[in-house]
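Chemist: Using the hints provided, position chain B relative to the given structure of chain A.
Number of protein chains: 2
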Amino acid sequence: MRDVAKAAGVSVATVSHVVNDKPGARIGDDARRRVQDAVLELGYRPNALAKTLSQGGSRFIGLVADAIATTPFAGQIIHGAQDEAWKHGYVLLVANTEGDPVVEKDVIAMMLEHQVHGILYSTWYHREIVVPEILQQTDTVLVDCFSADGALPAVVPDERQGGRTATEQLLAAGHRRIAFINTTTPSPARSDRLAGYRDALEAAGVEFDTRLVLEAEPQQEGGYAAAEAIVASGVTAVFCHNDRVAMGLYDGLRERGVRIPADIAVIGFDNQDVIAAHLRPPLSTVALPHYELGAAGVRVLLGIDPAGEGPTLVACPPVLRASIG
Amino acid sequence: MRDVAKAAGVSVATVSHVVNDKPGARIGDDARRRVQDAVLELGYRPNALAKTLSQGGSRFIGLVADAIATTPFAGQIIHGAQDEAWKHGYVLLVANTEGDPVVEKDVIAMMLEHQVHGILYSTWYHREIVVPEILQQTDTVLVDCFSADGALPAVVPDERQGGRTATEQLLAAGHRRIAFINTTTPSPARSDRLAGYRDALEAAGVEFDTRLVLEAEPQQEGGYAAAEAIVASGVTAVFCHNDRVAMGLYDGLRERGVRIPADIAVIGFDNQDVIAAHLRPPLSTVALPHYELGAAGVRVLLGIDPAGEGPTLVACPPVLRASIG
Chain A
1 MRDVAKAAGV
11 SVATVSHVVN
21 DKPGARIGDD
31 ARRRVQDAVL
41 ELGYRPNALA
51 KTLSQGGSRF
61 IGLVADAIAT
71 TPFAGQIIHG
81 AQDEAWKHGY
91 VLLVANTEGD
101 PVVEKDVIAM
111 MLEHQVHGIL
121 YSTWYHREIV
131 VPEILQQTDT
141 VLVDCFSADG
151 ALPAVVPDER
161 QGGRTATEQL
171 LAAGHRRIAF
181 INTTTPSPAR
191 SDRLAGYRDA
201 LEAAGVEFDT
211 RLVLEAEPQQ
221 EGGYAAAEAI
231 VASGVTAVFC
241 HNDRVAMGLY
251 DGLRERGVRI
261 PADIAVIGFD
271 NQDVIAAHLR
281 PPLSTVALPH
291 YELGAAGVRV
301 LLGIDPAGEG
311 PTLVACPPVL
321 RASIG
Chain B
1 MRDVAKAAGV
11 SVATVSHVVN
21 DKPGARIGDD
31 ARRRVQDAVL
41 ELGYRPNALA
51 KTLSQGGSRF
61 IGLVADAIAT
71 TPFAGQIIHG
81 AQDEAWKHGY
91 VLLVANTEGD
101 PVVEKDVIAM
111 MLEHQVHGIL
121 YSTWYHREIV
131 VPEILQQTDT
141 VLVDCFSADG
151 ALPAVVPDER
161 QGGRTATEQL
171 LAAGHRRIAF
181 INTTTPSPAR
191 SDRLAGYRDA
201 LEAAGVEFDT
211 RLVLEAEPQQ
221 EGGYAAAEAI
231 VASGVTAVFC
241 HNDRVAMGLY
251 DGLRERGVRI
261 PADIAVIGFD
271 NQDVIAAHLR
281 PPLSTVALPH
291 YELGAAGVRV
301 LLGIDPAGEG
311 PTLVACPPVL
321 RASIG
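Chains A and B, in that order, are what the protein sequence lines are. Position 135 (the first sequence) corresponds to 135 in UniProt numbering; numbering is contiguous. Position 256 (the second sequence) corresponds to 256 in UniProt numbering; numbering is contiguous.
In isolation and in its complexed conformation, chain A is listed as follows:
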């Protein structure tokens, strides 16, 4: 900083004011320009740590993720959170726990030591969690999860709207007998996508038939195993709990000579990278908005978006490909 001051012919204090963009400091345009030129010329890099200490409170936001190694979902949350954090001059400190509670406590303690502005605590699928006690020591926003007592602000996907949207795509293509292969795992996705499916049927004047709601493990094997029952049910369309189930169902239907979408239309959920766009035929689906969950989490943490009464719901948009016809 001394070198910059010397090159610009100003005091070190002036350099500091210009570099830190201190409000209220009266510095002439000329001096400011000379400092900026000297900074560029000398490649001066302000020490972010020293800056943090002198200003009190860091420009870090912590992001705790539980599964960045197994699905791209956490990566998409990180991507959205990072873009939004940068927009507001913050840097993400990302830590991966792979669901290990000991690692989790350690990484959060690390973030607190670095005096993060706050923490985004995220899960790779939408679920209720017990908030780790250590999170009481800083501002926290839950991303893709929520606590039963609603004590912390949360940002989650709108599962019910997503379920309604998926079913509406099938109804719009003229289908009336529509099966729903739901997951066996108790979760908001399970109850709310079902509620959305019923909403859409009701709005279209189609009677809800409980026999058309099947259950399957939420992966390929589950969808494959459901194929027999789907064929027997006489439906012309299927809403699958997720894209992995749809992928397994494709295999099961194919083995039975059933064509997609000519004989049975299919829609999934997730818009999972590497799968949805690359099935035969490419799968129509509803996207889980992980990028937007990350971005919205940052906005709530920084007070840009208000934290509402209940969780903030982020819409799940349809992604149409070739499996509905």
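These aren't lab readings, by the way, just hints derived from the structure by calculation. Every residue gets a Cβ at the ideal spot worked out from N, C-alpha and C, and that includes glycine. Careful, some of the hints might be misleading.
[What the hints assert, rightly or not] Pairs of lysine-lysine residues, derived as BS3-like cross-links and limited to a Cα-Cα distance of at most 30 Å, are as follows:
1) B:K105 <-> A:K6
2) A:K87 <-> B:K105
3) A:K87 <-> A:K105
4) A:K6 <-> B:K6
5) B:K87 <-> A:K105
6) B:K87 <-> B:K105
[As the list claims (entries may be wrong)] Cβ-Cβ distance ranges computed for the label pairs, FRET-style:
7) A:P282 <-> B:D209: 33 to 41 Å
8) A:R2 <-> B:S11: 49 to 57 Å
9) B:D209 <-> A:R256: 48 to 56 Å
Modeler: Quick look at chain B alone, frame taken from chain A:
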């Protein structure tokens, strides 16, 4: 810190010495114990930033990733790097560029401002890169990539051994006419997996037949399109450039009534989560060692592992499931 000193009946300097575990400071066991008790009781949390400044040089390692939102590969590199960094008392500062050179320069500048100990610069698939100039300002290890001039240490998968291993699995099952569906994308994976395929054939006394090497886009669509040529070639086994190609080939073979593995055995490459274990039949493959690449990168950066002459090669182990028979 003053509160801790008061509760323990020692000086602030003594607290600082105990908390920072300063070598050479002579402090009695009794005083040390009293400080530790007071720290626990008062919930004192040393300020990591102040500590960094007083000790010079941070405990941060930067990790630049180019695609954490689209595949789980970058997440696995992060997972391995984080585990290894923690083991040695370092914290990862992760930044995602999604391949944008402007973002890349910004995130690296941010890391330099935070005085990182060094940077791991990683790519989601193994390739040659031009090293961003700004990386000259700190120690850097390339992970899953390398520069032509070899100026920086690099850690990459052993593609040739991987290609040999994949082919050996098919040879061991008795196959002699083995096709290789290679990628159309020029890359170390393309040239070295082919070299490994030839190594294995030669070692087994099987003549290399250039007509059995096909090329395809490295995703499902490419594998599907190759099915006709595979059937026409009369091979009994296929080594696919990656799992996505194998997934597409499955569809193409199935349409032609060809059974896997009864009629044609298949092996992939990548061991891609969400796909490999969930195809019908589950896919035998060779794993890309992303976790180990991240961990080895940290070890090279910290000087625990030596940086060799050329890139450090990490082995690609076989993962056997049901597609070879």
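Chemist: All the hints need checking, so say for each whether the structure fits it.
Modeler: Okay, the hints, checked on the actual structure:
1. B:K105 <-> A:K6: holds (28 Å)
2. A:K87 <-> B:K105: Within the cut-off at roughly 15 Å; holds.
3. A:K87 <-> A:K105: With Cα atoms ~29 Å apart, A:K87 and A:K105 stay inside 30 Å; holds.
4. A:K6 <-> B:K6: Violated: A:K6 and B:K6 sit about 45 Å apart, past 30 Å.
5. B:K87 <-> A:K105: Holds: B:K87 and A:K105 sit about 15 Å apart, inside 30 Å.
6. B:K87 <-> B:K105: holds (29 Å)
7. A:P282 <-> B:D209: 33 to 41 Å: Roughly 35 Å apart at Cβ, these two residues keep to the hinted range, so it holds.
8. A:R2 <-> B:S11: 49 to 57 Å: At roughly 33 Å between Cβ atoms, B:S11 and A:R2 fall outside 49 to 57 Å, so the hint is violated.
9. B:D209 <-> A:R256: 48 to 56 Å: With a Cβ separation near 38 Å, B:D209 and A:R256 fall outside 48 to 56 Å, so the hint is violated.
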